[in-house]
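**Q** Letter by letter, the chains look like this.
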Amino acid sequence: MPVMKFSEAIRDAYFETMRAHPEVFMIGVGIIDPKAVFNTLNGLREEFGDMRFVEGPLAEQMLTGFSFAAATLGLRPVLIHHRIDFLPLTMDQIVSHCSKWTYMFGNQQKVPIVIRGIVGRGWGNGPQHTQSMQGTMSHFPGLKVVVPTNAADAKGLMISSILDNDPVIFVEHRWFHEDTGEVPEGLYRVPIGKARIATSGKDLTLVAIGPMVQEAILAAETLTKSGKSVEVIDLRTIRPIDYETVLDSVKKTGHLIVADSDWGQCGVASAVISHVTQNAFEALKKAPCAITWPEHPAPASYGIEPTYYPMAKNIVTQCLKTLDHSTDHATHQTEKPVYGPF
Amino acid sequence: MEIPKSIVENIYESALRIRTIEDGISSIYHLREMRTPTHLYTGQEAIAAGACQALETKDLVYSYYRSHGWYLAKGGNLNRMMAELFGKATGCSKGFGGSMHLIDLEAGFTGTSAIVAGAIPHAVGGAFTFQYRKTQNVVLSCFGDGATEEGLFQESLMFASLRKIPVIFLCENNGLATNTWIKDRQPNVPIYKRAEGLGVRSEIVDGNDGLAVYAAVKKAVDLAREGAGPSFIECTTYRLLEHCGPNRDTALGARTDAEVDEWKFNNDPVKRLEKHVSPEFKARVLEKAKKDFDMAVEQARKDPFPTSLIPEGLPCQL
Chain A
38 MPVMKFSEAI RDAYFETMRA HPEVFMIGVG IIDPKAVFNT LNGLREEFGD
88 MRFVEGPLAE QMLTGFSFAA ATLGLRPVLI HHRIDFLPLT MDQIVSHCSK
138 WTYMFGNQQK VPIVIRGIVG RGWGNGPQHT QSMQGTMSHF PGLKVVVPTN
188 AADAKGLMIS SILDNDPVIF VEHRWFHEDT GEVPEGLYRV PIGKARIATS
238 GKDLTLVAIG PMVQEAILAA ETLTKSGKSV EVIDLRTIRP IDYETVLDSV
288 KKTGHLIVAD SDWGQCGVAS AVISHVTQNA FEALKKAPCA ITWPEHPAPA
338 SYGIEPTYYP MAKNIVTQCL KTLDHSTDHA THQTEKPVYG PF
Chain B
-4 MEIPKSIVEN IYESALRIRT IEDGISSIYH LREMRTPTHL YTGQEAIAAG
46 ACQALETKDL VYSYYRSHGW YLAKGGNLNR MMAELFGKAT GCSKGFGGSM
96 HLIDLEAGFT GTSAIVAGAI PHAVGGAFTF QYRKTQNVVL SCFGDGATEE
146 GLFQESLMFA SLRKIPVIFL CENNGLATNT WIKDRQPNVP IYKRAEGLGV
196 RSEIVDGNDG LAVYAAVKKA VDLAREGAGP SFIECTTYRL LEHCGPNRDT
246 ALGARTDAEV DEWKFNNDPV KRLEKHVSPE FKARVLEKAK KDFDMAVEQA
296 RKDPFPTSLI PEGLPCQL
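Chains as they are written, first to last, in the numbering used here: chain A, 38 to 379; chain B, -4 to 313.
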């Protein structure tokens, strides 16, 4: 199986689907830029031409409505944002049009659009270039929201998103772009709505989203040294959420911690804890816990930014607390290399 | 432009039919059988009637919440429209949309949006899809003067202009956004001049003259089909009834009965078209429209409500 970077896996997904499906096209602000959106679009314009590789003006709201309409008529647009922080400019088209259209007209038109937003965490991107938006986007019935965390899932979820008949918000963390992994060839698909058990365990269920998945896996490795077996679930899709996998795990372990790369209030972590509490209260031996961002924007300075984002060590500490274990060993920390400059 | 007699008759028939059906809706709205925000088209009929005669069935119209007139002019099914207003499962949107969300894809009438200017980019994307598939069809996007204040208006015209997308932007300038006059909302720069500034071929016509509207739209459609790109047409007109509902709004104080009467009796778009057809033709159209409306209402009353909160074929958990 070929080994490639996360960013190359995204590009691979585009080539595979655009070659197989003439209705797929790319659109976005700055997609013809020589930097090719973090090297995820190299060669597409040359192969598919300007009708299938559409550079847009700096008018994200219009581009969203434009792409939406093309989708209702059977095309499959992939709308690309260099920063997901530009999604709020387009909320009307996403929320009042994309998410409602199929329902509002009694299921006469489908909306097979992918809106791909890249999260810019790191390198001092500051408050307006680091938001995740994932909790907000997962609030609306009619949308699907996916957050891949490794190269294979990036390709498989991108292809599934493009071939899905509903609007999909594809939340892509730049944090993963340089990570490599084995990626299946061809039109490889990862089902939307299905979580992945990243690490099996029996003492505690650790549900993680986005960059917190890598932190959770590191935490689980550390915890084995304390004799604790943690099951890490990479949610992958946050609308619809695979509650079945989460509930099965909690019924086995009796403990739940949810680590999300987003703010806590009205977010995905709250939704998961609420669902488990309402549907498997008797299985819980302890109150569940959410690990989320502090309730303020992210700072720019790299002198303080590392203390903003919860890391593996924070997860380890919380897991040990939940399991009534001494936290003396909670010192392990593996830093992810800092990429840049961007 | 010399307009063939058959087209003149079609424009008149379409305008009178819309007027008759909207009057019919107004006359029974108080019965509370239709519980949906109903934005009537009364006073603006010549625009949809004239414009749609310049389009083919497969050309698409992207309209907005005041859409009964456009739906009917494009050939939308009357029974399904009335059933939708009655909230019935047989409605054009199966009872999930209501008056502001009509659709008839077979007639080339796409789903309408209740968000002001929300569908202008849809029209550009729809027309792009025709370009993408290399068909000769065009799209007509209609909206009011208020919509031109939204950022989407300029964003959409700019992109259509840049890529020579086959779309006709048609602004129905009735001067009012709900109850606020245009002078309180826009600087005194004509809307069509602003469109021109974005590189879109623009003109202004008397929207209460159905034949003038037809001629302007026909020319724009021909150009778009030839690949010459978008046009913008501003149609001046007047809304005779309240923003939403079947009554006059003069009690609110934004305008007087004398002003409304002036338009109603001296500049009625349907009456202005009447001189081009015979009295017999008028009588025939009127009789048929009344009969069709009565039958549609009778049927809508009998039809069932939807039986599920979720449209057929969709998963329960969206």
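Please note that the accuracy of each hint is not assured.
Below 16 Å or equal to it, Euclidean Cα-Cα: the simulated EDC-like pairs (lysine to aspartate or glutamate) are [stated by the list, open to error]: (1) B/K129 to A/E60; (2) A/K147 to B/E4; (3) B/K214 to B/D18; (4) B/K266 to B/E4; (5) A/K239 to A/E219; (6) B/K159 to A/D87; (7) B/K83 to B/E282; (8) B/K159 to A/E60; (9) B/K129 to A/E92; (10) B/K266 to B/D18.
Reference listing, derived: stretches of chain A covered by chain B, where coverage requires no fewer than 3 residues with Cβ under 8 Å from a Cβ of chain B [claimed, not checked]: (11) 218 to 226; (12) 284 to 291.
These are computed hints drawn from the structure, not numbers from a lab. Computed from a predicted model, the values in this text were never measured in an experiment. For each residue, glycine too, the CB sits at the ideal point set by N, CA and C.
**Q** A separate judgement is required for each hint: does it hold in the structure or not?
**A** Now for the hints, and whether the structure bears them out:
no.: 1; hint: B/K129 to A/E60; in the structure: 13 Å, holds
no.: 2; hint: A/K147 to B/E4; in the structure: 38 Å, violated
no.: 3; hint: B/K214 to B/D18; in the structure: 32 Å, violated
no.: 4; hint: B/K266 to B/E4; in the structure: 13 Å, holds
no.: 5; hint: A/K239 to A/E219; in the structure: 27 Å, violated
no.: 6; hint: B/K159 to A/D87; in the structure: 13 Å, holds
no.: 7; hint: B/K83 to B/E282; in the structure: 26 Å, violated
no.: 8; hint: B/K159 to A/E60; in the structure: 20 Å, violated
no.: 9; hint: B/K129 to A/E92; in the structure: 19 Å, violated
no.: 10; hint: B/K266 to B/D18; in the structure: 15 Å, holds
no.: 11; hint: 218 to 226; in the structure: violated (count 0)
no.: 12; hint: 284 to 291; in the structure: violated (count 0)
Consistency note: the structure conflicts with the earlier hints numbered 2, 3, 5, 7, 8, 9, 11 and 12.
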